[in-house]
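*Asks:* Position 165, counted from 1, in the sequence shown is what my numbering calls 214; the numbers after and before it change by one each time, with no gaps.
One or more hints might be untrue.
In silico DSS-like links for lysine-lysine, alpha-carbon gap of 25 Å or less [unchecked claim]:
id	residue 1	residue 2
1	K76	K112
2	K304	K341
3	K200	K341
4	K63	K174
5	K224	K304
6	K149	K174
7	K174	K111
8	K174	K76
9	K174	K200
10	K149	K76
11	K63	K76
12	K116	K76
13	K244	K304
14	K244	K341
Quick list of the computed label-pair ranges, beta carbon to beta carbon [what the hints assert, rightly or not]:
id	residue 1	residue 2	range
15	T114	D165	27 to 33 Å
16	Q66	E267	38 to 44 Å
17	E130	S340	51 to 57 Å
18	L296	N120	41 to 47 Å
19	K341	L247	24 to 30 Å
No lab work stands behind these hints, which were simulated from the structure alone.
All residues carry an ideal CB built from backbone N, CA and C; glycine is no exception.
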Amino acid sequence: MGGSPAAGQEIAIKHAQGELVLQEAPKRVLVQDVAVIDILDALGVEIAGVPDGTLLYPSYLKKYTGKEYINTGTLQEPNYEAIAAAGADLMIIGGRSAVKFGDLNRILPTIDLTVDNADFLTNVKRNISTLGEIFGKQQRAAELNASIDEKFDQLRAATAANDSTAIVLVTNAGKLGVYGPRSRVSWVFSEAGFKPVLDNIDDRFHGGDAVSFEFILETNPDWLFVIDRDAGIGRTGAAQQLLDNELVRQTTAWKNNQVVYLDPVAAYTVMHGYESVMMLADQVLEAISASK
50 MGGSPAAGQE IAIKHAQGEL VLQEAPKRVL VQDVAVIDIL DALGVEIAGV
100 PDGTLLYPSY LKKYTGKEYI NTGTLQEPNY EAIAAAGADL MIIGGRSAVK
150 FGDLNRILPT IDLTVDNADF LTNVKRNIST LGEIFGKQQR AAELNASIDE
200 KFDQLRAATA ANDSTAIVLV TNAGKLGVYG PRSRVSWVFS EAGFKPVLDN
250 IDDRFHGGDA VSFEFILETN PDWLFVIDRD AGIGRTGAAQ QLLDNELVRQ
300 TTAWKNNQVV YLDPVAAYTV MHGYESVMML ADQVLEAISA SK
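Sequences are here, hints too, so could you generate the full structure?
*Replies:* Shown next as structure tokens:
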């Protein structure tokens, strides 16, 4: 499949909830997923409407809080009236907004680019390629995917010499949870080469699999990657204060200064975007370099 669809040339787009046949490249697009906004921004594709919520957007996407963009509602509750009145020819959803596919697809053609975390990086790159194909940005999409490959080659090379264990910890209103090998940051294990302290982590919920400080000390990871969910959704984060206690200070990660506070918005809200993935990979690379 090459080139965006010209007049009379169909293009079939497979997505998480089916297939959409486009007769031509969309001219006016609405997006109900921040990771897709991230990718379209990197591709240089103009967006007509986006979800409401200043707290959703990392600094590099703050322009999408401007009034020049149609307010399509929240991720969980789309503004169907505004969407119907927008005159758009494509809606792109994913993640939390995916449950609204049926309702949105009755209003305008809709595709669902939800990422399967079990094959995280492959799916992110697939979405980049798909969006590049839809909007005639195949060359730019290939460049972005090549940058991801190069970045993660660097990351794998940096971790290849050791057999480090890691916990991805999410803090939320004073509570602790862990994310595992099939979570929104599964690439820490599947792509970056860190070993999970446990394989049977039940992290289906936003706050991860609930754990205690004793669990952190007992499993004693070499690395702690921390997502401050409070900061990620706009609350004042207190993750560093929460973890600075007698039990955590006894861990190998703390003693070796290998506690990394991942960018909370990139890791929690925009985790399947191009810029977000690159930003988080850079954070991990910098931490590894600093620990040597």
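*Asks:* Each hint needs a verdict: does it hold in this structure or not?
*Replies:* Hint by hint, here is what the structure shows:
1. K76 / K112: holds, 20 Å
2. K304 / K341: Given that 25 Å is the threshold and the Cα spacing comes to 14 Å, the pair holds.
3. K200 / K341: holds, 19 Å
4. K63 / K174: At roughly 14 Å apart (the allowed maximum being 25 Å), K174 and K63 satisfy the hint.
5. K224 / K304: With Cα atoms ~22 Å apart, K224 and K304 stay inside 25 Å; holds.
6. K149 / K174: holds, 24 Å
7. K174 / K111: The hint holds at about 23 Å.
8. K174 / K76: With a Cα-Cα distance of about 23 Å, the restraint between K174 and K76 holds, given a limit of 25 Å.
9. K174 / K200: Between K174 and K200 the Cα gap is close to 13 Å, so the pair holds against 25 Å.
10. K149 / K76: holds, 22 Å
11. K63 / K76: holds, 19 Å
12. K116 / K76: Holds, at about 20 Å.
13. K244 / K304: Measuring from Cα to Cα gives roughly 19 Å; hence the hint holds.
14. K244 / K341: Holds. K244 to K341 sits at ~19 Å (cutoff 25 Å).
15. T114 / D165: 27 to 33 Å: At 29 Å between Cβs, range holds.
16. Q66 / E267: 38 to 44 Å: The hinted range 38 to 44 Å holds for Q66 and E267, with Cβ atoms some 41 Å apart.
17. E130 / S340: 51 to 57 Å: The hint (51 to 57 Å, Cβ to Cβ) holds, given that E130 and S340 are roughly 52 Å apart.
18. L296 / N120: 41 to 47 Å: holds, 45 Å
19. K341 / L247: 24 to 30 Å: Between K341 and L247, where Cβ atoms are some 27 Å apart, the hint holds.
Of the numbered hints stated above, none is contradicted by the structure.
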